[in-house]
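Engineer: As a plain string of letters, each chain reads:
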Amino acid sequence: MAQPLDLVVVTAGLGQPSSTRLLADRLAAATARHAPAEVRTVELRGLATAVAHHLLTGFPGAELRDALDAVAGADALIVVTPVFSGSYSGLFKSFFDVLEPGALTGTPVLLAATGGTARHSLVLEHALRPLFAYLRALTAPTAVYAATEDWGTGAAAGTEALAERVERAGRELAGLAEAVRGRTRAVTGQAYPVRAADGQGGPGAPGGVPDAGPVDGLVPFEEQLAALRA
Amino acid sequence: MSTVQFGIFTVGDVTTDPTTGRAPTEHERVKAMVTIARKAEEVGLDVFATGEHHNPPFVPSSPTTLLGYVAARTERLLLSTSTTLITTNDPVKIAEDFAMLQHLADGRVDLMLGRGNTGPVYPWFGKDIRQGIPLAVENYALLHRLWREESVDWAGRFRTPLQGFTATPRPLDGAPPFVWHGSIRSPEIAEQAAYYGDGFFANNIFWPRDHFVRLIRLYRDRYAHYGHGDPEQAVVGLGGQVFMRRNSQDAVREFRPYFDNAPVYGHGPSLEEFTEQTPLTVGSPQEVIEKTLTFRESFGDYQRQLFLMDHAGLPLKTVLEQLDLLGEEVVPVLRREFAAGRPAHVPDGPVHGASLRTGARAAATAG
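Heads up: the sequence lines are chains A and B, in that order. Start counting the first sequence at 1; every next residue gets the next number (this note's numbering). Start counting the second sequence at 1; every next residue gets the next number (this note's numbering).
Bear in mind the hints are in silico, worked out from the structure with no lab data behind them. Computed from a predicted model, the values in this text were never measured in an experiment. Where is the CB? At the ideal position from N, CA and C, for every residue including glycine. The reader is advised that the hints may include incorrect statements.
Incomplete in silico selection of chain A near chain B, CB under 10 Å [what the hints assert, rightly or not]:
no., residue
1, Thr49
2, His53
3, Leu56
4, Pro60
5, Gly61
6, Ala62
7, Arg65
8, Phe221
9, Gln224
10, Leu225
So here's chain A without its partners, still in its complex pose (with noise of 0.2 Å):
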């Protein structure tokens, strides 16, 4: 039996209940229907003034620096934001902007959003997903938008209702997770080395310090000063 997959759920929504929150906790529940996983859920609401503070002093609190860990170690990722003004909302954005460069880079990330009416669907494919390819990020060939008629009506003729994208993006994100892992075991024997080694530490970390941060990738310095003479 493989491993459970390390899923995260971050979702953006401020409302209490969200239906942001119940549209992430839906695409949790679909992947998980196609492959195990252990999901971990990161509510951006309750991060919001550790967000701000980290992009005034550059560190995170620990709370952030738990929620920032458990996103870049994710085998894969599930992000949901309401449409705000026709983009992702500014407290989504800010939390991806202090994520450390690279911690996305090779993860397959399933991009969704919430909106009042279908009209602002498209932020899916020109606002999150340029996003993400940018952080590098492996994004799921289906995105999922629900506007709020979405939570009451079936399938209108020639589409699919909303449970049934759930069901297909799960699907896709799943499959997705496990070809990446099972890559990289193929190739170098060991699982997940397509990110940065978080928990394994580097050489100033014997002990196994969890997340062991910047220490990881070190370049010896002969290596560095070879590199200027070539």
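Position chain B against the provided structure of chain A, taking the given hints into account.
Structural biologist: Structure of chain B alone, referenced to chain A:
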């Protein structure tokens, strides 16, 4: 000189006092830096270090000019920097300026190298910020040779080649100034310091402890890896930031407006949150002592402790009062406490003469 060197480092910012709305002129600020340095010696501190900046609201663009003047007005104070920009300064000029200063100050000179955190400084000096680490690596490799080899042939990526170049004056007594490498976040710099057997200064005043525990452990392990000694013999410096009054509540009340409006972290976390997460201590001298003593528990026995005392618009009079408290009530206790139980093989803070040995050792390793 004691086992641990205590001192102050200044950013040299011209900041409006939020309680009066008044900012010092550049002239007042420059003169205040000299007054503060002299006061540091008067109250028994060991080190004064100045930043280097090339944009307002900062005044110290020419550190060796400032330190040369301070050298003439002091007797035993060690003069240092925090930091000297190894990226955008010509390493030849650094070699010359600091060797000159070293002679004038009879050896009371070391320096801390850093990359700088102001983006436009790179293009202003004809450099590319994306080359920050390679610049630091190559420029220091040249600086290191200029102080140790009479005649240098050099070709690199970032400056014009040298053939048969001799940097003058030669370092005092043939012993180059001790070098610290300062970093907030880059393991590459800790690695560089370890490679040469130089000091590593972790400017820990804005970031949480855990981050620096990892960075300093990396430096110590790599220092040993390169054959300079045991990990606990590596030369570590740390920052600190304090505001004191005899009564803790008075300190908090007086410092809060400066904290809330401070250029770096103002309008962000509360003073209480920042105090909990970083070395900042606002309170009584006893609280400062207690907090500073925890640094040794976190990072091991170390060699230099610098405090940031004069930023965020604090008036000169207040800063001088702070230095009185630091010199009279805090540092004597810290000296005693840090000396107790310090293993014999842990080196003292670096001074001229002692760096003869360090220099020879690093040169042998760097080959």
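Engineer: Run every hint past the structure and note whether it holds.
Structural biologist: Tested hints:
With a cut of 10 Å, the hint placing Thr49/A at the interface with chain B holds, because the nearest CB-to-CB distance is about 9 Å. Taking 10 Å as the C-beta cut-off, the interface hint given for His53/A holds, the closest approach to chain B being about 5 Å. At a threshold of 10 Å, the smallest CB-CB gap from Leu56/A to chain B is about 4 Å, leaving the interface hint in force. Here the hint on Pro60/A is kept, as its CB sits about 8 Å from the closest CB of chain B, short of 10 Å.
Restraint check, Gly61/A versus chain B: the minimum CB separation of about 7 Å is within 10 Å; hint holds. Taken as an interface hint, Ala62/A checks out: its beta carbon lies about 8 Å from the nearest beta carbon of chain B, inside 10 Å. For Arg65/A, the interface hint holds, the least distance from its beta-carbon to any beta-carbon of chain B being 8 Å, beneath 10 Å. This hint holds: Phe221/A has a C-beta 4 Å from the nearest C-beta of chain B, less than the 10 Å allowed.
Satisfaction of the interface hint for Gln224/A is found here, the shortest Cβ-Cβ separation to chain B being roughly 5 Å, below the 10 Å cut-off. Interface restraint check: Leu225/A against chain B, minimum CB-CB distance 6 Å, threshold 10 Å, status holds.
In the structure shown, no violation is registered for any of the earlier numbered hints.
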